[in-house]
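**Q** Dock chain B against the given chain A, drawing on the hints supplied.
What follows is each chain in one-letter form.
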Amino acid sequence: VDAHVLLVEDDASIREIATLGLEQAGFRVTATGDGRDALARFRQGAFDLVLLDVMLPSLDGFEVCKEIRRESQAPIVMLTARSELHDVVVGLELGADDYVTKPFELPELVARIKAVLRRSAAGLPEVTIAIGDLEIDPGSFTVKRGGEDVSLTATEFRLLLELARRPKQVFTRELLLELVWNYDYLGDSRLVDVAVQRLRAKIEEDPKQPKLIHTVRGVGYRLTSG
Amino acid sequence: MPGRVSSGGLRRRLTIAFVLAVGLSAAALATGSYFVVSHNLLADSVDTAERQARQNLAIVPTYIQEDPTALLEAYQRGGGDFQTAGVHRGRPFSSTFQVNLRQVPADVRALVKEGELAYARRTVADTDYLVVGGSAGRGTELYYFFSEEDIRHELEQLRNILLAGVGILMLVAAFVGALLARSTLLPVARASEAARLLAEGLLETRLPVEGRDEFGVWAQSFNEMAAALEAKISALHAAQARERRFTADVAHELRTPLTALVGEASLLADHLESMPPETRRPAELLIADVGRLRRLVEDLMEISRFDAARESVQLEKVDLEALARATVRARGWDGQVRLEAEDVVISSDPRRLEGIVGNLVGNALDHGGGEVSVRVGRDGSAAFVEVADDGPGIAPEHLPHLFERFYKADASRSGAGTGLGLAIAQENARLLGGRIEVWSEVGRGTRFTLRL
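Taken in sequence, the protein lines are chains A and B. Residue numbering for the first sequence follows this note's numbering, starting at 3 and increasing by one per position. Residue numbering for the second sequence follows this note's numbering, starting at 392 and increasing by one per position.
Pulled out of the complex, with its shape left as it was, chain A reads as follows (with noise of 0.2 Å):
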């Protein structure tokens, strides 16, 4: 693989354990327990994922997955307590693209975050779709709504992407989690719900009366340009 993570999480057995799990499973890794110092070799060093704990030290994980997608789309996987599922809601609105609960199994951890990376990478086909005024090119990694550019993360863009293909079709959210995240069976179906909400954020006029991305109601989401 040879992807950089950046792994922040202040216990330090954990920091120590998931280090060396991770370097184990192939990635480089850059580990720190503070918010603020997180956010500062961010900004230094290319990272093609983050692993961002909640109860941080001087800045806490929300803050930081703030400030990191004010300033890059890279994907970020949160460390949370199945306990404190109000956590996992808000880190994905915040924008982080996925989370893993702690107590967490290292190779759990480590199938997690190559999903993730996946979505960034994964064969995509290398024509431009358009639908109304939404052009989306899987070549360039680009969205663009009218002409001008959206900056989606990876999993918006490749959560957009999996919706244009089949337009009209009605995806369900089991569909999505495991066309978008990998999930194999029984994900945790906000995922989806917040990734759509965030997207229709993105690319709807008024996203809360979306003319593109349709709720189907005990079902799923589909895609129509009308």
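Label-pair distances were calculated between CB atoms; the ranges are: (1) Arg72/A - Arg720/B: 37 to 45 Å; (2) Asp39/A - Arg683/B: 32 to 40 Å; (3) Val221/A - Asp725/B: 24 to 32 Å.
Hints in this document: simulated from the structure, not taken from any laboratory. Where a beta carbon is used, it is the ideal one built from N, C-alpha and C, also for glycine.
**A** Same frame as chain A, now just chain B:
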């Protein structure tokens, strides 16, 4: 609600009693006054008639001759409001056709013949008369018919007024009685409402203490009872909340070192092969125990989330058969479980359902032994998932406690689970608006049914 008494019975009875009391006393009063008035009126009438009769008799010698015509004319001139009948020289006579001698009662005539002044009441042609008779000597008898029609009318009127009065009084009494009963029974109604609210859990319910009567004292005692109850229950709640918070805090604090442990164990697991035999076995055990600890902490965290009511339900369309199949496959139980399913699609939370079904099937495989079968279907309007095994079964004394936390029916096999699985499954089922039922018979097997 069973045995619920209809309210208002006492109120009705109180009102009826009040109306009866008022009606009876009014009727007694009315009857009494009627008789007094009628007695006085009739007595007055007799006095007046007697006076007039004496005057009439006094002028008889002056006017009576061969026949009584002159006398009758004199009476008429006098303007007396009476009619006259009589007998003179053996011949009866009368002033009008309406009255005659035959209408005079025999006992009156007998008295008159003895020279007395006598009277009696008679009704002639629907007219009430007071007949006063006297003797004018030498066989001449005179009877004066005084009409008492006006008295009869007056009495009739009085009777009507009294009857109407009694009727109106009873109506008013009914109204007032109902109001009185209501206001008297209001504290009772309030108390029963308050008791109901208390029973429903509104522990801050209190009764207003009005006045110093029995109800006031009662309300005060009721309030004291409610306050004591509220204090007890809130103390209990506080203790329970502390206990739950402690559980949540413990689970939470365990999580960070546990995450490190789990990571360390999984790195160790990658290198088991390269370890010398004397460290390899302890490392294997360490890895297994870390896994157990992890499950325990995760279950504790989950149960404390239920206790804090922080769980939310994500409703989606769920195909129960697909879910059961996926659950079994995801856990690698493919060859061990027989699945039999109808086509059932419901709106529910698939992740919670997966947890429940996974737990039930896992239990069946661990404890049941033998063949495990999963049946998905519909029972009326409710969907169900049934997990059955033909293992040793569960002794009846354990059955009521199966869903309690840390309850283990099989103490010798306590190492297998965390003791929280069924409790969590039941909480999940409840959250989805369903429940889990259990049937078991020693020697025949066990069947858990999730109904939704």
